[in-house]
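K.L.:
Using the hints, put the two standalone chains together into the complex.
Line order of the protein sequences matches chains L and C.
Counting along the first sequence from 1, when you hit position 195 you're at 197 in the working numbering, and nothing is skipped either side.
Counting along the second sequence from 1, when you hit position 163 you're at 179 in the working numbering, and nothing is skipped either side.
Rather than coming from a laboratory, the hints here were simulated on the basis of the structure.
Errors might be hidden in some of the hints.
Computed far set for chain C versus chain L, every beta-carbon distance over 10 angstroms [stated by the list, open to error]:
hint : residue
1    : G58
2    : L184
3    : K255
Label pairs and their in silico Cβ distance ranges [to be verified]:
hint : chain 1 : residue 1 : chain 2 : residue 2 : range
4    : L       : F296      : C       : K30       : 47 to 57 angstroms
5    : L       : R23       : C       : N57       : 51 to 61 angstroms
6    : C       : R131      : L       : A230      : 19 to 29 angstroms
7    : C       : R131      : L       : V44       : 48 to 58 angstroms
8    : C       : G48       : L       : A230      : 27 to 37 angstroms
9    : C       : D40       : L       : R23       : 47 to 57 angstroms
10   : L       : A230      : C       : N57       : 29 to 39 angstroms
11   : L       : A230      : C       : M187      : 36 to 46 angstroms
12   : L       : V44       : C       : H144      : 49 to 59 angstroms
13   : C       : R88       : L       : K327      : 15 to 25 angstroms
Since the structure is predicted, the reported quantities are computational estimates derived from the model, not experimental observations.
Cβ coordinates follow ideal geometry from the N, Cα and C atoms, glycine included.
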Amino acid sequence: MNWHNILTVYLKELKDSLRDRRTLLSTIIIPTLVMPLLTFGVGKVASGVIGKARSETPTVMILGGEDSPAVVAQLKESKKIKVVPTSPDWQERITEKTIRAAVQLPEKFQAGLTAGAAPAVVIYHYEGELKSSFGAGELEKFFRELRERTTADRLAERSLPATLAKPFELKRENVAPPEKVGGNLFGGFVPYLIIILCFTGAMYPAMDLTAGEKERGTMETLLCSPVARIDIVLGKFLMVLTGSLSAMGFMLLSMGVTAFVAGSLLMSGGSMAKAGAVAASSKAGEVIPLIDPFGLVGVLAMVFPVAVLFAAVAFTISLFAKSYKEAQSYLAPLMIVILLPAVIGMLPGIDLNGRLAFVPLLNLSLVCKEMLSGVWHWNYIAIIFGSSCVYAAVALGLAVKMFNREDVIFRT
Amino acid sequence: MIEAFHLTKTFRDKKRGEIRAADDISFRVSPGQIYGLLGANGAGKTTTLRLLATLLRPTGGSATVGGFDVTREPEKVRASVGFLAASTALYGRLTAREMIAYFGKLNGLADAEIRTRTQRLADELDMHEFLDRRCDQFSTGMKQKTSIARTLIHDPAVMIFDEPTLGLDVMTARAIVKFVRECRNRGKTVIYSTHVMSEVEKLCDTIGIIHGGKLLAEGTLAGLRATQGEQDMEEIFVKIVGGEATK
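Just chain C, same shape as in the assembly (with noise of 0.2 angstroms):
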């Protein structure tokens, strides 16, 4: 379970001065949910999730991720995300096994439960021809398998994706979303954040759409239809963020 209640964050910037990345953001995911997070860049989709994720903290407001708060208990907090963004990436040196051995060392699971876990990731990710390779001599596919086990090592309860397809293949984007769908059918409470339209409307359960660093329309994708009168998510998107409709 998400919940945000007033969601603020602000950054002091010496040309601009105070910048409201996020902006009493307020709404709840319940698990087994994938809630879409969709903006356009520097709408303050990013740091709304690093706000759930503990990396960065709020300046106003609260939000409790998996019963814990952001604020007070940070590291319960990170103990039940899994976090996945397009910026989190892989030590180069390390092997696969060695990537997930280690974030599943730092979540506190013993080395044979470690071990254990890494087989099975392994087996459903089909990972095994190169678990044992360095992580700088992998395609990007193989970089994505490897960065979703890292995050599923401690078997989450919420799962936070920060465009995960950002800069990636057909086929590489396409096994992320499937991805995506499975941590939901496991009942996982799963936050996908992204500018691509096709992907809320293929992956979402509710849509919340950010702008300015405010979430200004919320709703599944057939309650944001019948609200907007219109069909095509695109044009719903520039309707509530207050920009031209191409028709």
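Next up, chain L with everything else stripped away, as it sits in the complex (with noise of 0.2 angstroms):
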């Protein structure tokens, strides 16, 4: 091994990936652009669909209550709903979203609710449409209000305190530091990200610099030099690596910058002028997720013999195929797979134990959720990092001998 080659080999990668659009979008443009695009970009998108949807009064629909006009009258009087004139068919108007929701009340349910009867409120909504939803909520929350009216006035009516229908309270209160609250929030979603970035980050840097020089018949040129192979093979597995390594570094830093931003909006009110000034407030803390500082380096730590082991397998892989086209059909598939360990780490209830340590990605998505809320389990920990490093070991040694064998760099 000859570091001086190896560098040779890697700085020219360097400047030949900087010239390459297709590496700099998938190693700067994107993992900067990701998170600005999902919190102001979808996030606003969000919040707007949402905004609309609760400042629209929903329509609504009252079937039967011929004998119980004081709640028909009530429900008519409430501003939070629109009632429509009653039609047979309600349960297609809701279906086409013409009205939102409907009520059905149940015969004599006035006289019921003197008599001291218990009759069923039914509301018909349709299920997984936000305005239908927000209908019926407001429809709820009518007839629990009324409902609590009643037995109210039944316990005045004898006499009783209303404390023996509610005889306590119940109140939930936070107790864990904002940068736990955060880490909990975010600490499923950014292992999935760093995962993703850091595939891509190395996926395209790896077809380029060995199905693509195969293609383009630079490689012959390069083995041509003097140089062992193996100082080759750890040039452009380096460059590899930095593709990864800067897709994450540029995710993280765009996020860092991103939570700055958002956090000065919500304190400024939205007030861009204000922003600088009011995000070196230390409530800012307050206002947005705070991710633990410490958990954050942790993550970094654990994530590099992954970003290790994605450069070589992207470039094992990429080195097997013919052409740019073909490793790219190798590698977009790899992707899925890498994907569902990430997606599992995000489920809720899925906890780091001493088998799932030994699975790799899966294991990399658990431990970056735990130290990102501040729990740091050390001999998982151990487990995981050595684990990854031998991985990664593995898939380099791997790349490694693919790069001397003749029917792989020959397979033109």
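P.N.:
The structure is reproduced here in structure tokens:
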């Protein structure tokens, strides 16, 4: 191994890659834009849609209720809903979204309230439809309040205290500091993004430096040089690793800036002018969920061997391909295989244990979730870091072996 | 100096079984000499040259190039060889200067030496106009000049040319042929593979006819004419490889 040669190959590949638009897109531009787009783009669209749905007064239909004029009148008077005339096609109208929900008042509902009966009120809505659920929610709220008023009236009639129906209050208070809350909120999401970006960051340089070179005929030119094969592999591999790590680095940097700007905007009520000054305030942490900085450092350390693993795997697979296109067709499905453990790691209720600590990627996803919320299981961390290093070393060894195979290098 | 002793290379193919791409090939090329390897497509020319350039490892036999053994000292062999083939392309995103400097560095040259040699090669090959332009914008002629500069940057004692004129226009092909002659005049050991009969007639001191991985005949142009009783190179070639002559 000759470090001068490795560095020469690496620096040339770095220069070459920085002039390649596809590599720049996958290692710098997309990772930098993903967080602002998710936060300000998707977030803004989602909050806009939800806000619009909330601001609309839901149209509802009352089914029955001819013998309960007072309740119907109260419903019609409510400013939270808009009652439309009853029609037999109410079910179709909910489906077609011309009304949001319908409420079925049982026979003699009003009389039943006075008599102490327990009639059932049924609310019809369209499951999974946002506006319909808001309509149903308003109806539910109306009838919950009616129920509470009726209970209070009944107790008052019998001269009984209100605490008879409500013997105690129930409250929930958070004791977790903001960074733990942030860790729990982002703990699943951040490793998921890191895993995707680490792989896509490695993918394009790997394809370009192996299959791309074979296709363009420069691989044979390079092999004619007196540099040992292992030096070429390591120089190229370091570039692929740089792609992977830079994708992660730019994503984390962009995430930090996005959180800073988002916090500033929230604090200043949307005023960009005040953003910088307000963000400096210590209160920013109360507005946006914080992430434990030590957790973030831990995540970076844990991701490193996985980035090496990704770089080596992407490199080996691309090396086998005859062309850039063939390499793409191998690596694209691999993305799904990689996403699977990352998605499982995001699911609530899946916790790190001795067996899962050996499952590549899933272990990373789970341990990152723990570390970002301030939980440090050192025994698992050691197992995960160690096993990831072993997997990475095996993959790198395989890459070197593949590069020395004539049938792979000259597979055209 | 190039010496090949019973050089053999076999490949395994799922459909065709074992293929002997180079079969017991022996020859010798001295400094200041051009050895022409003449053969049809798939005859084993590229495999033989790749074995000499240590891009492939022989399955049998041995060879020395520039005094170094291809199996035991592949890096030293490559350091003494300049390999130019139709399949050795340039890095499109690098400039000609960067391309030449990269291969200079890979050959262990110091930066100052690379600068001096690049200047000299640019003068000789008339490259100044496009030296700092990216290779993906080059014409075929510019590409060939840059490739030649790339092979010469470390001043190798041995030059290996694998069908270097393949797909080139007449003028560029002539420039390559001229360059090969210059290599001989500078005392370099040159091996040149082609399937173009006229090129071997014009260029080569010794001609080796290769077919089916075997070196079937070897000699000077005059010697081959005498032994085969033919004047035309194409007729000689067809006679040796066992095909039908045209007359």
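K.L.:
Are the hints correct? Go through all of them and say.
P.N.:
Hints versus structure:
| no. | hint | result |
| --- | --- | --- |
| 1 | G58 | 14 angstroms, holds |
| 2 | L184 | 15 angstroms, holds |
| 3 | K255 | 33 angstroms, holds |
| 4 | F296/L with K30/C: 47 to 57 angstroms | 55 angstroms, holds |
| 5 | R23/L with N57/C: 51 to 61 angstroms | 37 angstroms, violated |
| 6 | R131/C with A230/L: 19 to 29 angstroms | 26 angstroms, holds |
| 7 | R131/C with V44/L: 48 to 58 angstroms | 53 angstroms, holds |
| 8 | G48/C with A230/L: 27 to 37 angstroms | 31 angstroms, holds |
| 9 | D40/C with R23/L: 47 to 57 angstroms | 50 angstroms, holds |
| 10 | A230/L with N57/C: 29 to 39 angstroms | 32 angstroms, holds |
| 11 | A230/L with M187/C: 36 to 46 angstroms | 39 angstroms, holds |
| 12 | V44/L with H144/C: 49 to 59 angstroms | 53 angstroms, holds |
| 13 | R88/C with K327/L: 15 to 25 angstroms | 39 angstroms, violated |
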